[in-house]
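Engineer: Sequence:
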Amino acid sequence: MQAYLILANGRVFRGVSVGCPGTTIGEVVFATGMVGFEETLTDPSYYGQIITQTYPLIGNYGMNSEDTESGKIWAKGYIVREACKTPSNFRSEETLDSFLKKNGIIGIEGIDTRSLTRTLRESGVMNGAITTEFDPDAEPEKKAALLPEIAAYAVVNAVKTVTCREAKTYEPTQAGEWGDTPLHVALLDLGCKNNIVRCLQKRGCRVTVLPGTTTAAELAKLNPDGLMLSNGPGDPAENVEIIANIREMLNTGIPTFGICLGHQLTALAAGAKTCKLKYGHRGANQPVSHISKSRTFITSQNHGYAVEDETLSKDVGQMSYFNANDGTCEGVDYFKWNCFTVQFHPEANGGPKDTEFLFDEFVSRMLAAKGVIDNA
Numbered sequence: 001m002q003a004y005l006i007l008a009n010g011r012v013f014r015g016v017s018v019g020c021p022g023t024t025i026g027e028v029v030f031a032t033g034m035v036g037f038e039e040t041l042t043d044p045s046y047y048g049q050i051i052t053q054t055y056p057l058i059g060n061y062g063m064n065s066e067d068t069e070s071g072k073i074w075a076k077g078y079i080v081r082e083a084c085k086t087p088s089n090f091r092s093e094e095t096l097d098s099f100l101k102k103n104g105i106i107g108i109e110g111i112d113t114r115s116l117t118r119t120l121r122e123s124g125v126m127n128g129a130i131t132t133e134f135d136p137d138a139e140p141e142k143k144a145a146l147l148p149e150i151a152a153y154a155v156v157n158a159v160k161t162v163t164c165r166e167a168k169t170y171e172p173t174q175a176g177e178w179g180d181t182p183l184h185v186a187l188l189d190l191g192c193k194n195n196i197v198r199c200l201q202k203r204g205c206r207v208t209v210l211p212g213t214t215t216a217a218e219l220a221k222l223n224p225d226g227l228m229l230s231n232g233p234g235d236p237a238e239n240v241e242i243i244a245n246i247r248e249m250l251n252t253g254i255p256t257f258g259i260c261l262g263h264q265l266t267a268l269a270a271g272a273k274t275c276k277l278k279y280g281h282r283g284a285n286q287p288v289s290h291i292s293k294s295r296t297f298i299t300s301q302n303h304g305y306a307v308e309d310e311t312l313s314k315d316v317g318q319m320s321y322f323n324a325n326d327g328t329c330e331g332v333d334y335f336k337w338n339c340f341t342v343q344f345h346p347e348a349n350g351g352p353k354d355t356e357f358l359f360d361e362f363v364s365r366m367l368a369a370k371g372v373i374d375n376a
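In UniProt numbering, the protein residues as written are 1 to 376.
Honestly, I wouldn't trust all of these hints.
Heads up, simulated DSS-like pairs for lysine-lysine below, C-alpha to C-alpha not over 25 angstroms straight-line [to be verified]:
#1 Lys-293 / Lys-353
#2 Lys-293 / Lys-336
#3 Lys-160 / Lys-72
Just the calculated beta-carbon pair ranges, DEER-fashion [to be verified]:
#4 Ile-291 / Asp-137: 47 to 57 angstroms
#5 Glu-66 / Thr-181: 26 to 36 angstroms
#6 Arg-295 / Pro-140: 50 to 60 angstroms
#7 Val-16 / Asp-315: 23 to 33 angstroms
#8 Glu-66 / Asp-354: 17 to 27 angstroms
#9 Thr-181 / Gly-124: 45 to 55 angstroms
#10 Ala-152 / Cys-275: 14 to 24 angstroms
#11 Asn-89 / Glu-248: 23 to 33 angstroms
#12 Pro-56 / Glu-149: 28 to 38 angstroms
#13 Ala-217 / Asp-135: 22 to 32 angstroms
#14 Thr-311 / Gly-124: 17 to 27 angstroms
Rather than coming from a laboratory, the hints here were simulated on the basis of the structure.
Please read all numbers here as calculations on a predicted model, not as lab measurements.
For every residue, glycine included, the Cβ atom is placed at its ideal position computed from N, Cα and C.
Just need the whole structure built from these sequences, with the hints factored in.
Structural biologist: Encoded structure:
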C-alpha cells in the first residue's frame with residue numbers, strides 16, 4: 001500500500017505503508033539512535049510527534065515487551081527508511097510492523113530519510129502528516145485541504161495526557177548499602193520512562209509513582225525521603241499549575257533530582273525561562289560537559305526545549321552541564337533548594353549509561369538529609 005508524508009511546507013515524500021493505514025498529523029522530528037527503537041517508540045516524551053529514524057534499517061532485532069519504556073506507543077506516527085520484515089534475535093516477540101499495528105500507529109517506510117533529516121535540520125522541526133488515503137500529487141485539492149490542518153496542529157496538555165491516573169508503589173529489587181530499610185522516593189510522573197523506576201529500585205529505593213498533578217500537600221502526606229521529577233513531553237511553560245506545585249515542594253527542602261522535563265520545570269519554578277530548539281536533541285550520542293569537573297560524557301537525550309541559563313538567577317542556582325555541540329544548558333545545581341537537575345537521560349534505555357552515577361548522588365543526598373551519612 002502506498003503512503004505519503006506531507007510536510008507543512010508542502011513537500012511530499014512517497015513511500016510504502018507500515019503499521020496501520022489512515023491519516024495522522026504530528027510534529028515531525030528525527031532521532032539518531034542506531035538501536036533502541038523499542039524504547040524510542042514507547043517513550044512518553046514523544047507524545048504528539050511523528051518520529052523519523054535516521055538509521056536506515058529499523059526492527060532487525062524485533063520487538064520485546066521487556067524493553068519497552070511504557071505501556072504503549074505515544075508517538076503520532078513513525079518514519080523509517082526500511083522496516084525489517086524478518087527480525088533475528090532470541091528475545092524477539094514480534095516484528096516492528098506488528099507492534100505498530102497492535103498500537104494503532106500509522107507509519108511510512110521507503111522514503112529518503114537523509115533528505116528529510118536535512119530538511120528538518122536546516123528549516124527546523126515542522127508539522128506533517130502521513131496518509132494512505134490519497135495521493136497528494138494525483139489529488140492536489142485534498143492536499144490543499146489538509147495543509148491548513150497540518151499547520152494548525154499543536155502539542156497541548158501533553159503532561160496531563162501521559163501521566164498516570166493514580167499512585168502506584170514499586171518495592172526495591174536490591175537492598176541499599178546502608179541497610180535493609182529502603183529509602184522512599186516519590187516520583188512525579190510527567191511522562192516517566194520505566195527505567196527511571198528500575199534505576200531507583202536497584203539502589204534500595206521504594207518508589208511511589210505519582211500523577212504529575214500531585215500537589216505539595218498530597219506529597220507531604222507520604223513523607224518521602226526524596227522527590228524525583230521525571231522526563232515528559234510538550235512545552236514546559238504550559239504547565240503553570242504543575243510548576244507552582246513543584247516550587248512549593250522544593251521550598252520544603254526535600255532532596256530532589258529532575259530529569260529532562262523535570263529539569264525544565266524546576267528552572268521555570270526558579271524564575272528562569274525556556275526556549276524551543278530549532279530541531280532538538282534526540283539520540284544516544286549527545287556529548288555533555290561537566291563544568292566543574294572538566295569531563296565530557298556521551299548521553300542519551302530526547303528534548304525539543306532547553307533552559308536559557310542566562311535567565312537563571314545566580315542566587316538561585318548555576319549551570320552544571322552544557323551540551324558540547326551547541327552550548328545549551330544540560331544541568332543545574334541549585335543553591336536555593338536541595339536539588340539538582342539534568343536535561344539528558346542518565347537512565348538511558350536506549351543509550352549509554354555513562355551518567356547513571358547521578359542516581360547514586362541522589363541517594364547520597366537523601367541519606368545525608370536523614371543523617372545517615374555526612375552531607376553530600
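Engineer: Are the hints correct? Go through all of them and say.
Structural biologist: Hint check:
1. Between Lys-293 and Lys-353 the CA atoms are separated by roughly 18 angstroms; this keeps the pair inside 25 angstroms, and the hint holds.
2. Restraint check for Lys-293 and Lys-336: the C-alpha separation of about 22 angstroms stays at or below 25 angstroms, so the hint holds.
3. For a cut-off of 25 angstroms, the pair hint linking Lys-160 to Lys-72 stands: about 16 angstroms separates their Cα positions.
4. Separation of Ile-291 from Asp-137 is about 52 angstroms and conforms to the stated range, judged on CB atoms against 47 to 57 angstroms.
5. The hinted range of 26 to 36 angstroms is satisfied by Glu-66 and Thr-181, whose Cβ atoms lie roughly 29 angstroms apart.
6. Checked against the hint of 50 to 60 angstroms, the C-beta distance between Arg-295 and Pro-140 comes to roughly 55 angstroms, which is consistent with it.
7. The beta-carbon spacing between Val-16 and Asp-315, approximately 57 angstroms, falls outside the hinted interval of 23 to 33 angstroms.
8. Between Glu-66 and Asp-354 the CB atoms are about 23 angstroms apart, so this pair conforms to the stated range of 17 to 27 angstroms.
9. For the pair Thr-181 and Gly-124, the supplied restraint of 45 to 55 angstroms holds, since their beta-carbon distance comes to about 50 angstroms.
10. Between Ala-152 and Cys-275 the Cβ separation comes to about 22 angstroms, which falls inside the hinted range of 14 to 24 angstroms.
11. Roughly 47 angstroms separates the CB atoms of Asn-89 and Glu-248, a value that falls outside the hinted 23 to 33 angstroms.
12. Evaluation of the 28 to 38 angstroms hint for Pro-56 and Glu-149 yields a pass: the beta carbon distance comes to about 30 angstroms.
13. The given range of 22 to 32 angstroms is broken by Ala-217 and Asp-135, whose C-beta atoms sit roughly 56 angstroms from each other.
14. Range check, Thr-311 to Gly-124: Cβ separation about 22 angstroms, and the 17 to 27 angstroms hint holds.
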